[in-house]
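Q: The primary structure of each chain is shown beneath.
Protein chains: 2
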Amino acid sequence: MENLDPMFKPKSIAIVGASRDPHSIGFSVVKNLIDSKYQGKIFPVNPKADEILDLKCYHSVLEIPEDVDLGIITVPASVTPSVIEECGKKGIKGVAVIASGFSEVGREDLEEKIVGIAKSYGMRILGPNIVGIMSNPMKMNASFGPYLPYPGKITMISQSGALLIALDSRTWVDRVGMSYLVSIGNMSDLDFADVIDYFKNDEETKCISLYVEGIKNGRKFIDVSKKILEKPIVALKSGVSTRGSLAAASHTGSLAGSGKVYSAAFKQAGVVQAYTLDDLFDRSLALSLQPPMRGENLLIITNGGGVGVLATDAAEKYGIPLKDPPEDLKQKLKEIMPDFGSAKNPVDITGMASAEWYGKALKIALQHPWVDGVTVLYCETSVSDPRELSMEIFEATNCNRTNKPVTVSYIGGEVTERAIEWLQKKGVPVYRAPDRAISAMASLREYGRYIEKGFDEFNRFEDVDNEKVRGNF
Amino acid sequence: MENLDPMFKPKSIAIVGASRDPHSIGFSVVKNLIDSKYQGKIFPVNPKADEILDLKCYHSVLEIPEDVDLGIITVPASVTPSVIEECGKKGIKGVAVIASGFSEVGREDLEEKIVGIAKSYGMRILGPNIVGIMSNPMKMNASFGPYLPYPGKITMISQSGALLIALDSRTWVDRVGMSYLVSIGNMSDLDFADVIDYFKNDEETKCISLYVEGIKNGRKFIDVSKKILEKPIVALKSGVSTRGSLAAASHTGSLAGSGKVYSAAFKQAGVVQAYTLDDLFDRSLALSLQPPMRGENLLIITNGGGVGVLATDAAEKYGIPLKDPPEDLKQKLKEIMPDFGSAKNPVDITGMASAEWYGKALKIALQHPWVDGVTVLYCETSVSDPRELSMEIFEATNCNRTNKPVTVSYIGGEVTERAIEWLQKKGVPVYRAPDRAISAMASLREYGRYIEKGFDEFNRFEDVDNEKVRGNF
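Protein sequences appear in the order of chains A and B. One gets the numbering used here by counting positions in the first sequence from 1 and adding 5 to each. One gets the numbering used here by counting positions in the second sequence from 1 and adding 5 to each.
Incorrect hints may have been included.
Identical copies look the same in the list; a pair holds intra-copy or inter-copy alike.
Stated by the list, open to error - In silico EDC-like links for lysine to aspartate or glutamate, alpha-carbon gap of 20 angstroms or less:
#1 K430 with E419
#2 K236 with D10
#3 K205 with D194
#4 K42 with D179
#5 K337 with D284
#6 K221 with E301
#7 K221 with D390
#8 K322 with D284
#9 K272 with D55
#10 K339 with D202
Bear in mind the hints are in silico, worked out from the structure with no lab data behind them.
Work the whole structure out from these sequences, hints included.
A: Structure (structure tokens):
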């Protein structure tokens, strides 16, 4: 398919409807582009202004003397068709339409009109009814959201604009790093499948994360997603309840469908599902930082029996039930813990465990061929400093040449919070409850299974070809 | 039953096994009692020391010249029986046995022995295998946990010591306020039912919160709990999976049983269940701060469609499905929002909503007889300051004379975090995701249903009595 670089990596942007009123969206977008240090060219367009925020303002896009990649349309819905027409004449390749007042309020006609105009010029539309596009690698806040998200490798695509803005702020509190935040709105033209298909090739994206209220073309979504094995896709589907699906329909005008239908479709599409907003963040973080889990053997290392039991429950709930490790692994683990510890799974290195014991146990586990992934659980104690523990875990995962995933749960106070922050920055996802660390690991396993299934299908395909070849002789 | 004041509100404490070694538990407990500013008398006991931390040290409890309410036993398991014998002779009423090495490692004999000795002196035992007792109202950290928890009205009883210590620290991060933290360990004598029964009369406890791995006497637990209507009880049961139940058994030596058996027992006992560690904190907080929800009509007020849909899904999942509000309420709500808002449930006052709109909508909702509880959802936007919103919500709930519960979800950045902190301190529980605010409300409804059922049963009992009376005439 065609390249969406002009939309998501534009070299120049026109803001059609740019404004000098600080309370307007047309002002916010211009200001946000400047504040985010966008390196491309910015062309404000407003028939009544000559200058906005020290930038020369054009009375029409047609007056802009240079090429324009992306048009951000901040005029009201009713004016949008004529403005898009002008963008087409100018040769703009992509427009992001911020205004609401289209299919979500019954104005399908207006939406069809702008799509028709765009098509006639070979132009793509993002929206309408969106917040805009935020990109850390591009230093581009082409939206009316307040600032770029905490930097990282997740590209999140959201059907809800308000949620996108709120989550944007929250990424800084939770330190969940994003590459792009894309508001997809009514999906009049570009839909989830198109945007996913584009970001599969983006080097700054390690995980594609979706907030979905409804998908319009299910077949296309499945066909595009299932071919993407190189990057995990994770989705939170809202509107899964009877009444929730009605609410979703009135919100973005899309058919919500039952939760079961979507779960089945996600499975077919090789998309990992998330179950709550926290879970979407948790799983996206793990999938953006850690390799997939390539086998069923999860080992848990803990200093507390209670959290071990909670993690064991969660492992069963999320489809990665624990098994006992082989004897030789048990023996090796036994050597680094006191007699009253347990080398069963969860491995309980006891409340006496120091950061060093954790480091040793984690290295032993990662090096053993039986182990496919490790979840480390830690309860703050007086005999261990969580900051030292973070250093030990980082060191053990950093020399993890076998490329096995690690997720972590820390429960504790302010010192623990600092230890979490440090370790997360080093690329190890840390959660504040054992079941959340396990859910994150389960998403890595789910992605691992999709990869294995994908390879299988690919292999079968080759087999068939071979049969054919042999049949010819 | 007898009064456990000497155990939980002691006027004097002997630490048997007090030590001058800063790494020992016997040292920690003495230091923690001093640091927490405990107002009662502290008597360290150690045959080999004359002074510990500037306190006179006794060579035996029998040497202490004054009455002792509580003995904290910090000697190893093997020495415990003889020490408990001395405590009995001294007339101590309660002992908290910290040492492990009893039934959890197969030494049921040793555990039976100390129970036998205690009984012969009319003494009660907490533990063994515990961390101790923390009390904010008593300013008493009679444990080897680092400090008292964030102050509040939850009394939490935990079967896991390591978890208790870690959660103790976490209360300060999450600002979830505790009255008591009680480590219950192996429950050789005092069990959940005994401790619950005691705290039902404690004025500083508004909610009793349990971390349960296994209950030994199910009948007693149900009988005691179901009679307590004046205070909510909430429980997280770990070890609900096949393997988790085995792990729990080896951890505290109690029979874990299946998750379903426990769910049924909790229902019979009128105990609200929590489903994860986060959920235990979330639900305990709501139950300690807000009144029960006395009817099925939940109204949601939101400024974002997306979070509204997520909350609608959660309401169905947690058994409080949304219904449309009556016309007159819709009309009143319509007056405070723009035309494109929605007065259906969830009530969407739109992304344009100011703090003031929220305040008005919340007051209208709380005053309307149809409404039994309100969940407020907020996505941070540029047109509303979350700190002002917190003030509006506080004012509306503060003049809520109808005594209806309110739970809140805020999604946003650092300013939102400060707004959450402020509102939580004022007694309104705030969560960082819509489904969590709904789960908290569902726990208030569950408690409300138990109260209604309890009253029904009580009323039926009266009816029977009346029949009897009439029959006599």
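Q: Look at each hint and say if it fits the structure.
A: Cross-check of the supplied hints:
{"no.": "1", "hint": "K430 with E419", "verdict": "both (17 angstroms within a copy, 19 angstroms between copies)"}
{"no.": "2", "hint": "K236 with D10", "verdict": "within (19 angstroms within a copy, 60 angstroms between copies)"}
{"no.": "3", "hint": "K205 with D194", "verdict": "within (19 angstroms within a copy, 61 angstroms between copies)"}
{"no.": "4", "hint": "K42 with D179", "verdict": "neither (24 angstroms within a copy, 35 angstroms between copies)"}
{"no.": "5", "hint": "K337 with D284", "verdict": "neither (34 angstroms within a copy, 37 angstroms between copies)"}
{"no.": "6", "hint": "K221 with E301", "verdict": "neither (35 angstroms within a copy, 35 angstroms between copies)"}
{"no.": "7", "hint": "K221 with D390", "verdict": "neither (51 angstroms within a copy, 36 angstroms between copies)"}
{"no.": "8", "hint": "K322 with D284", "verdict": "both (14 angstroms within a copy, 16 angstroms between copies)"}
{"no.": "9", "hint": "K272 with D55", "verdict": "neither (53 angstroms within a copy, 70 angstroms between copies)"}
{"no.": "10", "hint": "K339 with D202", "verdict": "neither (48 angstroms within a copy, 42 angstroms between copies)"}
The structure shown violates the earlier hints numbered 4, 5, 6, 7, 9, 10.
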